[in-house]
Amino acid sequence: MAICTGCSLLCEDIELTVKDGDISHVRNLCRKGHGHYQALLTERARPMIDGKEVALDQAIAKAAEVLHSSKAPLLCGWSNATLEAQTAGMSIAKKLGASICDTSPPCLGALMERIISGRIPTCTLDDVRNFADVSVFWGSDPSNSHPRHLSRFSYYPRGEKRQKSYEEERTCIAVDVRKSATATLCSNYYFRMQPGGDGEFIESILATLDGRIPKFGDKKRMIELGTILRKAEYGVIFPGIGMLYSLQNRLELFETLLAKLNEIATFKVVPMVERFNSRGFYQLLHAPGNSLAAAAKGCDAALVVGSDPLAELPLATARALARVPLIVIDPHRSLTVDAASVVIPSAISGMEAGGTALRTDGVKISFEPIIESDLPSDEQILAKILEAI
Amino acid sequence: METAVTIVTFRDIFQDEAAKKSKFTDEFRDLCARILLDKQDMASLGLKDGQKVRVQSEVGSVIVIAKTSDDDPHPGLAFMTFSPWSNQLAGEDACMSGARIAAKLSPSDESVTQISELLQRMRAQGIST
Numbered sequence: 000m001a002i003c004t005g006c007s008l009l010c011e012d013i014e015l016t017v018k019d020g021d022i023s024h025v026r027n028l029c030r031k032g033h034g035h036y037q038a039l040l041t042e043r044a045r046p047m048i049d050g051k052e053v054a055l056d057q058a059i060a061k062a063a064e065v066l067h068s069s070k071a072p073l074l075c076g077w078s079n080a081t082l083e084a085q086t087a088g089m090s091i092a093k094k095l096g097a098s099i100c101d102t103s104p105p106c107l108g109a110l111m112e113r114i115i116s117g118r119i120p121t122c123t124l125d126d127v128r129n130f131a132d133v134s135v136f137w138g139s140d141p142s143n144s145h146p147r148h149l150s151r152f153s154y155y156p157r158g159e160k161r162q163k164s165y166e167e168e169r170t171c172i173a174v175d176v177r178k179s180a181t182a183t184l185c186s187n188y189y190f191r192m193q194p195g196g197d198g199e200f201i202e203s204i205l206a207t208l209d210g211r212i213p214k215f216g217d218k219k220r221m222i223e224l225g226t227i228l229r230k231a232e233y234g235v236i237f238p239g240i241g242m243l244y245s246l247q248n249r250l251e252l253f254e255t256l257l258a259k260l261n262e263i264a265t266f267k268v269v270p271m272v273e274r275f276n277s278r279g280f281y282q283l284l285h286a287p288g289n290s291l292a293a294a295a296k297g298c299d300a301a302l303v304v305g306s307d308p309l310a311e312l313p314l315a316t317a318r319a320l321a322r323v324p325l326i327v328i329d330p331h332r333s334l335t336v337d338a339a340s341v342v343i344p345s346a347i348s349g350m351e352a353g354g355t356a357l358r359t360d361g362v363k364i365s366f367e368p369i370i371e372s373d374l375p376s377d378e379q380i381l382a383k384i385l386e387a388i
Numbered sequence: 000m001e002t003a004v005t006i007v008t009f010r011d012i013f014q015d016e017a018a019k020k021s022k023f024t025d026e027f028r029d030l031c032a033r034i035l036l037d038k039q040d041m042a043s044l045g046l047k048d049g050q051k052v053r054v055q056s057e058v059g060s061v062i063v064i065a066k067t068s069d070d071d072p073h074p075g076l077a078f079m080t081f082s083p084w085s086n087q088l089a090g091e092d093a094c095m096s097g098a099r100i101a102a103k104l105s106p107s108d109e110s111v112t113q114i115s116e117l118l119q120r121m122r123a124q125g126i127s128t
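Chain order of the listed sequences is A and B. No gaps in the numbering here: position 88 of the first sequence is 87 in numbering that gives the first Met the number 0, and each next residue is one more. No gaps in the numbering here: position 15 of the second sequence is 14 in numbering that gives the first Met the number 0, and each next residue is one more.
Rather than coming from a laboratory, the hints here were simulated on the basis of the structure. Hints are supplied without guarantee of correctness; some may be wrong.
Derived pair list, reagent style DMTMM-like, types lysine to aspartate or glutamate, alpha-carbon separation capped at 20 Å [said to hold, decoys possible]:
no.	chain 1	residue 1	chain 2	residue 2
1	B	Lys-47	B	Glu-1
2	B	Lys-20	A	Asp-209
3	B	Lys-20	A	Glu-351
4	B	Lys-66	B	Asp-48
5	A	Lys-178	B	Glu-1
6	A	Lys-296	B	Asp-48
7	A	Lys-296	B	Glu-91
8	A	Lys-178	B	Asp-69
9	A	Lys-93	A	Glu-64
10	A	Lys-18	A	Glu-254
11	A	Lys-178	B	Asp-92
12	B	Lys-20	A	Glu-232
13	A	Lys-259	A	Asp-299
Partial list, computed: chain A residues near chain B (C-beta under 7 Å) [claimed, not checked]:
no.	residue
14	Ser-23
15	Asn-27
16	Gln-37
17	Ala-38
18	Leu-39
19	Ala-44
20	Arg-45
21	Pro-46
22	Val-176
23	Gly-196
24	Gly-198
25	Leu-309
26	Arg-318
27	Leu-334
28	Gly-353
According to the in silico footprint, chain A covers these stretches of chain B (three or more CB under 8 Å from chain A) [said to hold, decoys possible]:
no.	segment
29	12 to 22
30	38 to 48
31	78 to 91
Model, not experiment: these values are computed from the prediction. Ideal Cβ positions, reconstructed from N, Cα and C, are used throughout, including at glycine.
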């Protein structure tokens, strides 16, 4: 059995056959995981300095030199790096006095801070499988972002207290601005809202829970939703970025909803982080409010690990990063690799390198390398840089 | 001919799979450089499925393929996958998928924006060591 590091579900049941140092057969991968495993053979990065291929050690030495001479270094990325690599990154940040942050949106950080500090009640995905009878996908679409979420945890599986599962015991609700694949699966329980309407939607639920007529939305349907939530034994909300972006500074409204729901039943929140160890970085750094947009503008060199910020960030932040010398540690070619001054290829975590990571619900998952590689892991590269600076 | 829309970005498993393999393929571009529009907006722009449209926001612009959405009616609302193309349009506060972007659409005869061009724009103010 192997672990798939294709997303933050870290599926642990990947069956594979390794023949002559290569993977010949794989089972249980989702489409996204399939792409992740295929990437073993595609577009691997090569060690480069200013566009010229060099020896790996030369690239590492150059990276240390650039970072050492920088007055305001930034260390960013980290979502696709193991806990060990993230810890090594934090040691480098401390030694250099560098800024360190991930590429996740600030609105997700605000939720994670509340979950980690216990202000918002949470549970594990195993609890979801065993106990949950109502799953609410709010601004999230796991069928596309976390493809095996519904089959492993939140809808289809039989659990300790949910032997009749989706056929009789589980209700799946989708709240979204578009009829996503998950909303289609939820069919009768898809609630459509206008973009930015999450606050009003919460107020309407609160009204129905208090026995008042909701001001917003289809009143009959909102009362129907309120009844399902009220009757839940163990409900779980999976908020997506869509919902968090919409609520922005009004996250306390979501907290109010949870407090109200927990007066009636048990309700938990499980975040939907995307990259395989985003949760780990939140938990290790525990520094809400770190803004990559501001850090990118203020830096004079940046080390990017386990991320492709030029592909993932809005134009202004991507431009701010592209103006400084970039050092990229990555197994694959990416937009950031193409713009980098120094490229250090690394082994793929979960396939060519082992380590540990936190699943999206905070459960620690360990993995061993499944095939041999000549490339060092992110952690080993970072250890060499730390030694050299 | 111009129509104002709000674009909401979303995640697509096919695009994610393509991205994991390589972001420099036609497959990845085709899954990113597209916008899903309501039937009514397609008609008001005089567009047929597969025709090109310029998407202009306050921040930037891209040429992408227009497609009719199979969702319930949503005039004035458009959907794009979260990608380097949508990021060219997004304001600094945008939040990956789920971001809302105000944009204007107009039919275009220009070529679909290539990933190399997107990278060039990011590096336009850049420097190297």
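Exercise. Among all the numbered hints in the text so far, which are the ones the structure does not match?
Worked result: Violated hints (numbers, rising): 2, 5, 6, 10, 11, 12, 13, 14, 15, 18, 19, 20, 21, 23, 24, 28 and 30; every other hint is consistent with the structure.
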